[in-house]
Each structure stands twice: as C-alpha cells, then as structure tokens.
Amino acid sequence: DQQVKQNSPSLSVQEGRISILNCDYTNSMFDYFLWYKKYPAEGPTFLISISSIKDKNEDGRFTVFLNKSAKHLSLHIVPSQPGDSAVYFCAASGWTSGSRLTFGEGTQLTVNP
Amino acid sequence: EPEVTQTPSHQVTQMGQEVILRCVPISNHLYFYWYRQILGQKVEFLVSFYNNEISEKSEIFDDQFSVERPDGSNFTLKIRSTKLEDSAMYFCASSGGTPMNTGELFFGEGSRLTVL
Chain A
6 DQQVKQNSPS
16 LSVQEGRISI
26 LNCDYTNSMF
36 DYFLWYKKYP
46 AEGPTFLISI
56 SSIKDKNEDG
66 RFTVFLNKSA
76 KHLSLHIVPS
86 QPGDSAVYFC
96 AASGWTSGSR
106 LTFGEGTQLT
116 VNP
Chain B
157 EPEVTQTPSH
167 QVTQMGQEVI
177 LRCVPISNHL
187 YFYWYRQILG
197 QKVEFLVSFY
207 NNEISEKSEI
217 FDDQFSVERP
227 DGSNFTLKIR
237 STKLEDSAMY
247 FCASSGGTPM
257 NTGELFFGEG
267 SRLTVL
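Just so you know, the sequences run in chain order A and B. Its first residue numbered 6, the first sequence is counted upward by one per residue in this note's numbering. Its first residue numbered 157, the second sequence is counted upward by one per residue in this note's numbering.
The shape of chain A in the complex, shown without the other chains (with noise of 0.2 Å):
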C-alpha cells in the first residue's frame, strides 16, 4: 500500500531551525491531511491537519502546508526544539475511504541541542 508515502526516513536538524517533514499522495480521493507524532513506548499523538480546501494550517510552532496539484504535504516546525524529537507520521482520508486513516511509513526526526 503506497498510497501515502514519506521518502525521508530519518532528519535531523539544530535547535531553533526550521525541521521540514515531507509527505506525498497518490489517491485523489484524500481530501484529510493529518499529522501525528509519536514517541518510543506511546501510541501517535494528533498535532495537525489539513482539509483539502486549504492550503496552509497553522498552530503554533506547527504549519501545515498542502499542494493538491503535486498531490504532497509538509509539516514545517519553527523553531525546532529537542523535545520534538520524534516519528512524524503522515496520514490521510477521504470520503471513499470513510472512517480509516492511511498513514506513511513515519520520520524519525532529531532536533539537536
């Protein structure tokens, strides 16, 4: 199942820069974006999403940003701190899909003090 893909298995970045974490679609049908982030020993914790009528959600430090044409998605951290180190996980659903939310394989991001 590739329908939702994350390329990226690991990132790292500094204390106080921009962490970007990439996601990419192959069903049309997606019309909700979410991202979760989880640590070792928990289950995914929601931190943001997206409906495809927009193209940009912010919270926080956390943004969102989705391009239906290139069928892809980030999440922009700013500033990063090491406390955001973690697995981000990608997840989409859609009306065809109902109740079920199809994740990507997860990156491991490592903010460094």
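Quick caveat, the hints were computed from the structure, so don't treat them as lab data. Nothing false has been slipped in among the hints.
Examples of chain B residues lying across from chain A (beta carbon under 8 Å, computed):
| no. | residue |
| --- | --- |
| 1 | Phe201 |
| 2 | Phe263 |
| 3 | Gly266 |
Don't be surprised by glycine CBs; every beta carbon is placed ideally from N, CA and C.
Using the hints provided, position chain B relative to the given structure of chain A.
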C-alpha cells in the same frame, strides 16, 4: 486529560491460541478503532466501530478477528487463532467523529503481541 487505555501492554502467546486485547476509549467518544503496526512497517487500519457495529474493516481483518463493546466502556479485539504474522503492536483509538469531521483520533499506548 482524558486518554485511551489499553491492556495488556505486552502479551506473549503460542501460535493457534486465542488472544483478547482490551481498550477503554475516551468516555464520550462514539467511534472506535483498531490499528496495528508490524515492526518496521506502517501503521495499518484494521477496523472501525460505531453504534455497536463494525462500520468499516480492512482486508487484514478476516474471520480470525472480531471486535466487541461488551459493556459500554470496554472495546475488545479478539484474535481467534493467532499466527506468527499477527505479531505486532496493536493500537486502539477513539474519536468523537470520523476523521473527516473531527480530524483527531486519540490513540492508546498500544498492546504488543508476540506470537511464538
């Protein structure tokens, strides 16, 4: 803050044995889910449950799997006869609406199932 709780945190079982994973969703939530993550793989949807019945299930959720909400608070996943490939972390989640409506699923910490 309300949370989804899961038990057990880790279960080891022999192939062919029945396993029941338990979850207590957030009390005012209406939608309940099971997802799983096999080591090194993606988080995969198994099943969603609403109004005391399955609303959607994936191809993974075959006849060996069942879900139940026996008492209005617990939400269980039963695997009737476990296989080696059922070894995974199983996540329960709940939400007040579908992902499209609320956007937020609250996940439990997971139950790690190891089938020997």
